[in-house]
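J.: As given, the protein sequences belong to chains B and Y, one line each in that order. Each step along the first sequence adds one to the number in numbering that gives the first Met the number 0, with nothing skipped, and position 276 is 275. Each step along the second sequence adds one to the number in numbering that gives the first Met the number 0, with nothing skipped, and position 315 is 314.
Don't read these hints as lab results, they were simulated from the structure. Note that beta-carbon positions come from the ideal geometry of N, C-alpha and C, so glycine has one too.
Distance windows between CB atoms, simulated:
id: 1; chain 1: B; residue 1: Thr61; chain 2: Y; residue 2: Asn40; range: 32 to 42 Å
id: 2; chain 1: Y; residue 1: Glu193; chain 2: B; residue 2: Val215; range: 36 to 46 Å
id: 3; chain 1: Y; residue 1: Arg12; chain 2: B; residue 2: Asn173; range: 25 to 35 Å
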Amino acid sequence: MNVDFIIPALLTIITASTPLVFAAIGEIVVEKSGVLNLGIEGMMIVGAIGAFAVAVTTGDPTLAILAGALSGMALAFIFGFLTLFLLSNQVATGLALTLFGIGFSALLGQNFVGKVFSGLPKLNIPGLSDLPGIGPLIFGQDVLVYLSVASAVLVTWFLSRTRWGLALRAVGENHNAAHSIGFSVTMIRLAAVLFGGAMAGLGGAYLSLAHTPLWVENMTAGRGWIALALVVFASWRPWRAFFGAYLFGGITIIQLHAQGFGVDVPSQILSMLPYLATIIVLVLISRDDTRARLNAPACLGRSFHASG
Amino acid sequence: MLIRLEPRGEASRAMVYQSPLIAVVLTLLASMVMFWVLGTNPLQAIHAFFIEPISTLDGLAELLVKATPLVLIGIGLSLGFQANIWNIGAEGQLTLGAIFGGVLALAFFDVDTPFLLPAMLIAGIIGGMAWAAIPAFLKTRYNTNEILTSLMLTYVGLLLLSYLIHGPLRDPDGFNFPESRLFHDAAVLPIIFEGTRLHIGWLIALFVAVLAWILIVKHIIGFQIRVIGMAPAAASFAGFKEKRLVWLTLLMSGGAAGLAGVIEVAGPIGQIVPVVSPGYGFTAIIVAFLGRLHPIGVVLAGLLMALTYLGGDSAQITMNLPNAVTGVFQGMLLFFLLASDVLISYRIKFGSARTRESTA
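The shape of chain B in the complex, shown without the other chains (with noise of 0.2 Å):
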């Protein structure tokens, strides 16, 4: 092994993960707000099309992003109507989202399979960005990397040191108290499933603009899913599902770069990988009944109704 290899890789395990860790980040933060929305491959590939049809239609990438972002925060707003208005089932709602969402972006996406976008500019401060080895890998991102570092800080911040993350977590946690001291339970929700399906959206987002810059149909591939894994796995905290994505951005690197090692394995059997590997970590965490419930969001998949 040498530096020629371990930066490429390096590089490759960033743009796997990066998705990963919007979709996750995301999540928490719905989740701690007592609300379980199993959607997020849905939103993802929404995010996703929408962010490659701006991209395609006019070339600028800020613009790009952002219809990422709002195209999950659309999707978003139905599960947060059904769910928090009208009460529907938090899983079956989810679900509801996910085959939506990959429908209606193969819909969408009929007219751009195809197209090329040339995908997000890197960022390049002459001097360091040249640098051997750190140089492209610290100072050579694009923005959607150097974003999802910062959703990381912002999150775990918010949660933990704001007045607002609080109240967040007190809806979570027991939903009649915090109605009985004045919070809108519903409002604060509402809000957090919102932010959820733009950082899915990011997530889709960075897929289609920068992991293969092009429209493919079902190109998120369970990201979501193992997004939702993420979550637990990090028990909901926003630090561990960052190093917990790039844990499966490593297991992605063994999948494309086995064949150049010269290991003989079948390219399906390569690609199970991240599938088996979800399952195995679920596995690990969940052993330990306790431990699991105790991180748990207490009022986690439960509706709340002003009534009681």
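Start from chain B and add chain Y according to the hints.
T.: Same frame as chain B, but now just chain Y:
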């Protein structure tokens, strides 16, 4: 607030059955708006989508062919959903059923025996059960969430099929196409209506629906499934073995999905191909909810969902509408259903709660 929800004292039985009808009407209206936005005549599109496909005998037969896997899987899933056990990996279990049954058909390619077909069906059930047994084991032994494990296994199952069909199962004389050999006659389901593709699988699906109805309505297991879903605490006081029900519901739903898989390869397809199902395992989730988790409802919902597949194809051919409309339509239907379901336990009241309190 002008509109608010007031809890009903008791869940409305009537609304349980009216809500799917409301949802279908709302979906039709919403899809007309969607067709209008897409720039097509809404009435013409609705006609192409829902009337044209079943206006011929052939079309009706095709409807039953498509409904067969949906009903089978929907029946299985509704058992688990009643007990709050969320198997959403039916697509993977279907794939494994297709692999198990299909491998048997290819292994006994030269053998002409009436036992081959029943053996394939059993192999398919075993394949689906085996795949569902993994989430069942992980949930009962390690407390692992079955939603995520069953879904992850779907991706693994699809990749396994892709590997097999590009490797060991590929037709040796098939010019490297990723397809198996065409099954021998002894491995293909008999046609029950001459001149169409309608095969015996539809009767099997109806038979399974009857079995499920007996189980749910007449058998103690069905009673336990319902109690554990509605009142988990009561179920544990009554001494129901929760782990046993997790195993049972997952194995039954996995077996049903596996059966659907082998019926697809031994019926309309007639060989193993890289894509055995256009997402029947996921659509069946909608079928189960729309059918109110009840066997009769699931059969009706399966027929409606089968129509959306036919409608998507028909609208693509006659009106040049994208095939993806099917997925959008199915998703919308589930949204509207979940929204209408609020009326089961709540009624809508107009006027503000606050003004009423102040006048009282």
